[in-house]
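Based on these hints, arrange chain B on the given structure of chain A.
One letter stands for each residue in the lines below.
2 protein chains.
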Amino acid sequence: MQTHHHDHVHTEKHFQQSATVRDIVIGMSDGLTVPFALAAGLSSVSSVSNGIIITAGLAEIIAGSIAMGLGGYLAGKTEIEHYDSELKREYMEIKEFNEVERKECRDIFAEYGLSHESQEKIVDELAKNDDKWVDFMMKFELGLEKPDINRARQSARNIGLAYIVGGIVPLTAYMFTGSPSSGLLFSCIITIACLLTFGYYKSKVTGQPALQGAMRTTVIGVIAAAAAFGIARLFS
Amino acid sequence: MQTHHHDHVHTEKHFQQSATVRDIVIGMSDGLTVPFALAAGLSSVSSVSNGIIITAGLAEIIAGSIAMGLGGYLAGKTEIEHYDSELKREYMEIKEFNEVERKECRDIFAEYGLSHESQEKIVDELAKNDDKWVDFMMKFELGLEKPDINRARQSARNIGLAYIVGGIVPLTAYMFTGSPSSGLLFSCIITIACLLTFGYYKSKVTGQPALQGAMRTTVIGVIAAAAAFGIARLFS
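Which chain is which? The protein sequence lines are A and B, in order.
Residue numbering for the first sequence follows this note's numbering, starting at 1388 and increasing by one per position.
Residue numbering for the second sequence follows this note's numbering, starting at 1388 and increasing by one per position.
Isolated chain A, as found in the complex (with noise of 0.2 angstroms):
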């Protein structure tokens, strides 16, 4: 606990981490979800075999990993444009509404019980170099920290492998059985099996009661499972 003091890079790294753990978690559990929940819409149906199945289990992990990994990418994108935009527009504020601008420099610290003579001191310091202020204004008043550019690839990267590792688990069930049926069966045992496992492992990551998110991950594979299921049912 105590290193958090003494060492800031230390705590940028654990931010890092909790990022890629976000991203993996992001993309296996949905990777574990729709292929489980599709394979077993299909296997409600009469003409579907298990090739079928499998062919369009691989065909939705492909398909999906590349618009979940080009999703965290284009998201990671976004935030970069959005900072860069916002900070161009601070530099024109501080030139063009000069005053305005002390003045919402000043309203920040006055919102934290500053006296008005810090209000102005701080400010008229801040303001001797524009850079500076900028940052300032960025962080304090907007709230954006400035977005590390790598961020947008390796979590479009992060995603997409845990997306397809994830979807591989559910179709094993349907190469090793005859029918859709037994496919079913066994899909649903290791895929629960892997959902509790994975629940349970990504709640102590991320500090919450282990055995309730171990549940939650998985009550919802099943509920996706059940819905894709009675739909299928339903419009074939």
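Hints should not be assumed to be uniformly reliable.
It does not matter which identical chain is meant; a pair holds if it fits inside one copy or across any two.
Here are the simulated DSBU-like cross-link-like pairs (lysine-lysine), alpha carbons at most 30 angstroms apart as the crow flies [to be verified]:
| id | residue 1 | residue 2 |
| --- | --- | --- |
| 1 | 1515 | 1464 |
| 2 | 1591 | 1515 |
| 3 | 1591 | 1482 |
| 4 | 1591 | 1475 |
| 5 | 1464 | 1508 |
Since the hints were derived computationally from the structure, they do not count as laboratory data.
Relative to the frame of chain A, chain B by itself:
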């Protein structure tokens, strides 16, 4: 632009809208992409009828919307839990490590070029009120804003619904054609038109170059569909 200065509520509303737009963008772009690609993949398999493609597509849409909605919900929940645990730690720190925390607070302002005298004055005034000091450190040391509890639920709903709307589009082509090959042809036409329109509109909303955005969104959809088609043909 100037209203930005006069109305802080206005600014927050702007962010709120961005979050909603981002949710819809995430859900819709995945919805247009994944069921489109899955249907395209299944079209490559000779034993598959339009009925099976539609059934698989609907099963995927319902499962995907549940999984994505959940993803949004969990992301929001994780953010809230992370904030709460950091808040608790910060209260503990100003009690147990008061001197260290005061130094951290001074260091924040040292980074922006404030004089030692100002640093001392700010910390003295901030430390008079525990709640305000902790609020300050949360926002300024850790860069964390108090998350909106309702956002997690809203995000789940927006992403899930957008996924369903986006996913239905490519499937309609298989409903009004007689064979997978003609279904695929019309699905490509309809979906590519939607991806172009959606990508264009999305870029307008987020302030990016619109034509480039339209192309990018479309290319991803096409890549996912081509990959799914290739994989399905390979394994069928």
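Verification of the supplied hints:
1. 1515 - 1464: Close neither inside one copy (32 angstroms) nor across copies (41 angstroms); limit 30 angstroms.
2. 1591 - 1515: Intra 47 angstroms, inter 37 angstroms, cutoff 30 angstroms: neither.
3. 1591 - 1482: between (49 angstroms within a copy, 27 angstroms between copies)
4. 1591 - 1475: between (41 angstroms within a copy, 19 angstroms between copies)
5. 1464 - 1508: neither (37 angstroms within a copy, 40 angstroms between copies)
Checked against the numbered hints above, the structure violates hints 1, 2 and 5; every other hint is satisfied.
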